[in-house]
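Residue-level listing of the chains:
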Amino acid sequence: MAYNCVVLVKQVPDTANISDKAMKDDGTVNRAALPAIFNPEDLNALEMALQVKEQHGGRVTVLTMGPPRAAELLREALYRGADRVILLSDRKFAGSDTLATSYALKCAVERIGDCDLIFCGRQAIDGDTAQVGPQVAEKLGLPQVTYAESIQSLQDDEIIVRRAFPLGMETVKCTLPCLLTVVGSANQPRPSSARRMLTYKLAATTLEYQTLLKKWPEFETEEALDCYLAEREQRIPVWTFTDIGADEDKLGLAGSPTKVLKIDSIVLEMTESREVQATSEDISALLRDLAQDYIL
Amino acid sequence: MAEIRDVWVFIEQEEGEIATVSLELLSKARELADELDGRVCALLFGHGVADLSEKVIHHGTDLVLLADHPELAVYRTLPYARVAVDLVQEQQPYIFLLGATPMGRDLAPRIASAVRAGLTADCTALQIGDFERKGKVYADLLYQIRPAFGGNIIATIVNPETRPQMATVREGVMPLGEPDSARRGEVRRIEPQFDERDLMVQVLERATLPPSCNLKGASIIVAGGMGVGSEENFRLIRELAQVLGGEVGASRAAVDAGFISQEHQVGQTGVTVRPRLYIACGISGAVQHRAGMDQSSKIIAINTDPDAPIFQIAHYKIVGDLNKVIPWMIRTYRENGK
Numbered sequence: 001m002a003y004n005c006v007v008l009v010k011q012v013p014d015t016a017n018i019s020d021k022a023m024k025d026d027g028t029v030n031r032a033a034l035p036a037i038f039n040p041e042d043l044n045a046l047e048m049a050l051q052v053k054e055q056h057g058g059r060v061t062v063l064t065m066g067p068p069r070a071a072e073l074l075r076e077a078l079y080r081g082a083d084r085v086i087l088l089s090d091r092k093f094a095g096s097d098t099l100a101t102s103y104a105l106k107c108a109v110e111r112i113g114d115c116d117l118i119f120c121g122r123q124a125i126d127g128d129t130a131q132v133g134p135q136v137a138e139k140l141g142l143p144q145v146t147y148a149e150s151i152q153s154l155q156d157d158e159i160i161v162r163r164a165f166p167l168g169m170e171t172v173k174c175t176l177p178c179l180l181t182v183v184g185s186a187n188q189p190r191p192s193s194a195r196r197m198l199t200y201k202l203a204a205t206t207l208e209y210q211t212l213l214k215k216w217p218e219f220e221t222e223e224a225l226d227c228y229l230a231e232r233e234q235r236i237p238v239w240t241f242t243d244i245g246a247d248e249d250k251l252g253l254a255g256s257p258t259k260v261l262k263i264d265s266i267v268l269e270m271t272e273s274r275e276v277q278a279t280s281e282d283i284s285a286l287l288r289d290l291a292q293d294y295i296l
Numbered sequence: 001m002a003e004i005r006d007v008w009v010f011i012e013q014e015e016g017e018i019a020t021v022s023l024e025l026l027s028k029a030r031e032l033a034d035e036l037d038g039r040v041c042a043l044l045f046g047h048g049v050a051d052l053s054e055k056v057i058h059h060g061t062d063l064v065l066l067a068d069h070p071e072l073a074v075y076r077t078l079p080y081a082r083v084a085v086d087l088v089q090e091q092q093p094y095i096f097l098l099g100a101t102p103m104g105r106d107l108a109p110r111i112a113s114a115v116r117a118g119l120t121a122d123c124t125a126l127q128i129g130d131f132e133r134k135g136k137v138y139a140d141l142l143y144q145i146r147p148a149f150g151g152n153i154i155a156t157i158v159n160p161e162t163r164p165q166m167a168t169v170r171e172g173v174m175p176l177g178e179p180d181s182a183r184r185g186e187v188r189r190i191e192p193q194f195d196e197r198d199l200m201v202q203v204l205e206r207a208t209l210p211p212s213c214n215l216k217g218a219s220i221i222v223a224g225g226m227g228v229g230s231e232e233n234f235r236l237i238r239e240l241a242q243v244l245g246g247e248v249g250a251s252r253a254a255v256d257a258g259f260i261s262q263e264h265q266v267g268q269t270g271v272t273v274r275p276r277l278y279i280a281c282g283i284s285g286a287v288q289h290r291a292g293m294d295q296s297s298k299i300i301a302i303n304t305d306p307d308a309p310i311f312q313i314a315h316y317k318i319v320g321d322l323n324k325v326i327p328w329m330i331r332t333y334r335e336n337g338k
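Line order of the protein sequences matches chains A and B.
Residue numbers for the first sequence follow our numbering, beginning at 1 and rising by one.
Residue numbers for the second sequence follow our numbering, beginning at 1 and rising by one.
Treat the hints with care, as some may be off.
[Claimed, not checked] Which residues of chain A face chain B? A partial, calculated answer using Cβ under 8 Å:
1) 97
2) 135
3) 165
4) 172
5) 258
6) 265
[Unchecked claim] Straight line, CA to CA, 30 Å or less: simulated DSS-like cross-link-like pairs of lysine-lysine:
7) A:92 with A:262
8) A:262 with B:134
9) B:55 with B:216
10) A:92 with B:134
11) A:92 with A:259
12) A:250 with A:139
13) A:201 with A:215
14) B:136 with A:92
15) A:139 with A:92
16) A:250 with B:134
17) B:324 with B:216
18) A:139 with A:259
19) B:136 with A:250
20) A:250 with A:92
21) A:214 with A:92
22) B:136 with A:259
23) A:53 with A:139
24) A:201 with A:53
25) A:53 with A:173
26) B:298 with B:324
27) A:262 with B:136
28) A:259 with B:134
29) A:201 with A:214
30) A:139 with A:173
Derived from the structure by calculation, the hints contain no laboratory data.
Please read all numbers here as calculations on a predicted model, not as lab measurements.
A virtual CB, placed ideally from N, CA and C, is assigned to each residue, including glycine.
Work out the full structure, taking the sequences as your base and the hints as a guide.
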């Protein structure tokens with residue numbers, strides 16, 4: 001039996017590598033100065049979906065919600081093996097919290113239609129909330145299997161999944177369709193394939209046409225470019241809020257029950273401290289002092 | 001009619017053992033409920049768990065909502081969410097707190113989505129305060145305070161319009177209060193109703209690993225970060241910990257780099273610790289990490305970078321190479337004995 005898989009992915013700032021340059025003078029983070037990357041556990045989710053396709057057949061669709069720049073992520077998904085990618089992008093989505101985000105994703109998954117398995121990363125490294133996966137599942141009325149580490153068996157409409165926690169494991173049996181959130185230990189995501197990079201070297205969304213026209217003056221109009229890309233199956237569809245039939249009140253800031261009251265940059269309070277020279281003698285003296293104070 | 005301002009806590013229990021984080025949350029809920037003039041209600045789900053009610057009451061609960069049912073014997077998302085969602089819709093609590101454990105992080109978003117409530121993950125502090133927006137003042141909201149953006153900022157989140165105001169909190173963040181065995185409370189039994197779809201997921205096997213390290217209980221922790229350089233070099237950290245009779249900790253960066261397993265991670269997304277002595281080796285000191293260890297009684301920091309943020313909270317600053325400093329420490333300690 002072949003399975004239609006949908007993978008929900010997110011482009012995130014590389015929060016693990018925040019340098020001084022990424023901090024503004026007022027102590028806040030300058031998002032623009034941070035490299036944007038494929039959320040690490042979303043790559044594990046994509047890999048798990050690709051393996052299902054390889055073993056059972058079917059199709060892997062990758063969906064992301066984000067600004068026009070998130071097209072970079074979708075090209076990467078194509079290079080790694082996705083059959084189809086979709087960008088969900090609209091100003092109306094801006095400022096969405098996890099609830100509004102999962103509502104938009106739910107609408108988009110319904111428009112994709114006919115899907116057996118939905119995969120997400122366990123959590124994204126910018127917010128670490130791990131909320132969007134379960135919330136999408138709830139809105140679709142599907143069971144969820146969070147912390148999924150491996151698919152033990154997949155037969156007809158029944159899946160057995162091993163879940164991995166920091167201190168334990170669990171194996172569950174579930175009926176399809178269902179949603180899995182995948183942990184980083186699940187697999188080693190495959191790299192981009194050189195062949196697929198060539199196949200999809202022109203892949204672009206309509207939101208990028210302005211930039212492309214400057215690069216390729218031989219196309220005089222957006223229509224001409226669009227025609228060319230569509231013929232070669234290089235056009236990445238962009239869905240707006242009307243395309244997914246979403247209710248505007250449930251999107252963006254208006255649809256988000258959580259509000260940010262304030263953001264504080266971290267101000268360190270200086271601790272009364274003592275400098276210890278990195279010499280064998282000073283280190284010995286420090287340890288003796290600590291022992292004397294019953295700390296050691 | 002004035003809004004009822006009850007504070008609910010989900011009691012996480014496995015095989016009759018209540019998770020520490022749930023008891024910590026009861027202490028916090030007691031504080032919040034007293035400020036709001038509301039009750040503390042505990043949601044106790046499971047099978048054969050009625051006996052736990054007493055302990056839950058002693059830790060600050062006014063009302064235990066007890067759902068004791070064979071289908072709730074082992075945690076499963078759908079039946080647990082069904083009972084919780086029905087109760088929330090019926091009783092409209094003001095605040096609802098859950099532990100940010102694998103169970104809480106699986107259950108909380110499912111409930112929040114179903115009742116369309118705002119949910120904030122991994123809070124490090126909770127307070128009551130006012131919020132003003134577009135000329136409207138919302139009094140006595142729950143301030144949900146958490147580090148964000150890889151721990152580089154602290155965000156205060158509120159849910160002005162929706163109820164309950166939901167938040168998850170990590171174990172070890174809220175202090176655990178002393179139980180009061182004289183405290184009395186009410187236990188109300190709930191008769192859960194399930195349909196077929198609630199029971200479609202089956203648990204085939206379950207295993208809990210004993211923790212191979214006990215960071216929370218350790219009085220000395222030696223922790224390594226990216227500056228340790230490699231998995232191989234982490235043996236220095238292990239050796240110092242062993243010599244001093246402490247446990248091994250690590251920063252998120254070191255865990256992400258594969259130097260050491262996740263159970264050793266100290267910080268916002270790891271364990272929160274308060275040892276007598278914390279030795280931070282090659283750890284730059286991102287907020288993410290400091291949030292989990294800055295309450296340590298004494299902190300020694302070893303780092304080659306004199307501007308590393310960790311030095312700002314360290315009691316003893318050692319600017320230098322950990323590959324030299326740690327062996328000196330080991331040698332001194334061994335020579336002097338104990």
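So, going through the hints one by one against the coordinates:
1. The interface hint given for residue 97 of chain A is met, as the beta carbon of that residue sits about 7 Å from the closest beta carbon of chain B, less than 8 Å.
2. Interface hint status for residue 135 of chain A: upheld, as the beta-carbon distance to the closest one in chain B is roughly 4 Å, under 8 Å.
3. Against a cut-off of 8 Å between C-beta atoms, the interface hint on residue 165 of chain A holds, since the closest Cβ of chain B lies about 4 Å away.
4. The beta carbon of residue 172 of chain A comes within 5 Å of a beta carbon in chain B, closer than 8 Å, and the hint placing it at the interface holds.
5. The restraint placing residue 258 of chain A at the interface with chain B holds, with a minimum CB-CB distance near 4 Å, inside the 8 Å limit.
6. For residue 265 of chain A, the shortest C-beta to C-beta distance to chain B is roughly 6 Å, which falls under 8 Å, so the interface hint holds.
7. Under the criterion of a C-alpha separation no larger than 30 Å, the hint pairing residue 92 of chain A with residue 262 of chain A is consistent with the structure, at around 22 Å.
8. Of the supplied pair hints, the one linking residue 262 of chain A and residue 134 of chain B holds, its CA atoms being roughly 15 Å apart against a limit of 30 Å.
9. Note on residue 55 of chain B and residue 216 of chain B: the hinted pairing holds, with a Cα-Cα distance of about 22 Å set against a maximum of 30 Å.
10. A threshold of 30 Å between alpha carbons decides the hint, and for residue 92 of chain A with residue 134 of chain B the separation of about 20 Å falls inside it, so the pair holds.
11. At roughly 16 Å between alpha-carbon atoms, residue 92 of chain A and residue 259 of chain A fall within 30 Å of each other, so this suggested pair holds.
12. Proximity of residue 250 of chain A to residue 139 of chain A is assessed by CA-CA distance (about 12 Å); at most 30 Å being required, the pair is judged to hold.
13. For the proposed pair residue 201 of chain A and residue 215 of chain A, the alpha carbon gap of about 14 Å is at most 30 Å, so the pair holds.
14. As the CA atoms of residue 136 of chain B and residue 92 of chain A are separated by approximately 24 Å, the hinted pair is consistent with the 30 Å bound.
15. For the proposed pair residue 139 of chain A and residue 92 of chain A, the alpha carbon gap of about 20 Å is at most 30 Å, so the pair holds.
16. A threshold of 30 Å between alpha carbons decides the hint, and for residue 250 of chain A with residue 134 of chain B the separation of about 19 Å falls inside it, so the pair holds.
17. For a cut-off of 30 Å, the pair hint linking residue 324 of chain B to residue 216 of chain B stands: about 28 Å separates their Cα positions.
18. Annotation: proposed proximity of residue 139 of chain A to residue 259 of chain A holds, straight-line Cα distance about 21 Å (limit 30 Å).
19. About 21 Å separates the Cα atoms of residue 136 of chain B and residue 250 of chain A, which keeps this hinted pair within 30 Å; it holds.
20. As the CA atoms of residue 250 of chain A and residue 92 of chain A are separated by approximately 10 Å, the hinted pair is consistent with the 30 Å bound.
21. Taking the CA atoms of residue 214 of chain A and residue 92 of chain A, the gap is near 28 Å; set against the 30 Å cutoff, the hint holds.
22. The suggested pairing of residue 136 of chain B with residue 259 of chain A holds, with an alpha-carbon distance near 14 Å, which does not exceed 30 Å.
23. Between the alpha carbons of residue 53 of chain A and residue 139 of chain A the distance comes to roughly 25 Å, so the proposed pair stays at or under 30 Å and holds.
24. A threshold of 30 Å between alpha carbons decides the hint, and for residue 201 of chain A with residue 53 of chain A the separation of about 23 Å falls inside it, so the pair holds.
25. Using a Cα cut-off of 30 Å, the hinted pair residue 53 of chain A and residue 173 of chain A holds, with the two alpha carbons roughly 20 Å apart.
26. Our distance criterion of 30 Å between C-alpha atoms is met by residue 298 of chain B and residue 324 of chain B, whose separation comes to about 21 Å.
27. The straight-line distance between the Cα atoms of residue 262 of chain A and residue 136 of chain B is roughly 17 Å, inside the 30 Å bound, and the hint therefore holds.
28. Proximity of residue 259 of chain A to residue 134 of chain B is assessed by CA-CA distance (about 13 Å); at most 30 Å being required, the pair is judged to hold.
29. A distance of roughly 17 Å separates the Cα atoms of residue 201 of chain A and residue 214 of chain A; the hinted pair therefore holds under the 30 Å criterion.
30. Between residue 139 of chain A and residue 173 of chain A, the direct Cα distance comes to roughly 21 Å. Compliance with the 30 Å bound is thereby established for this hinted pair.
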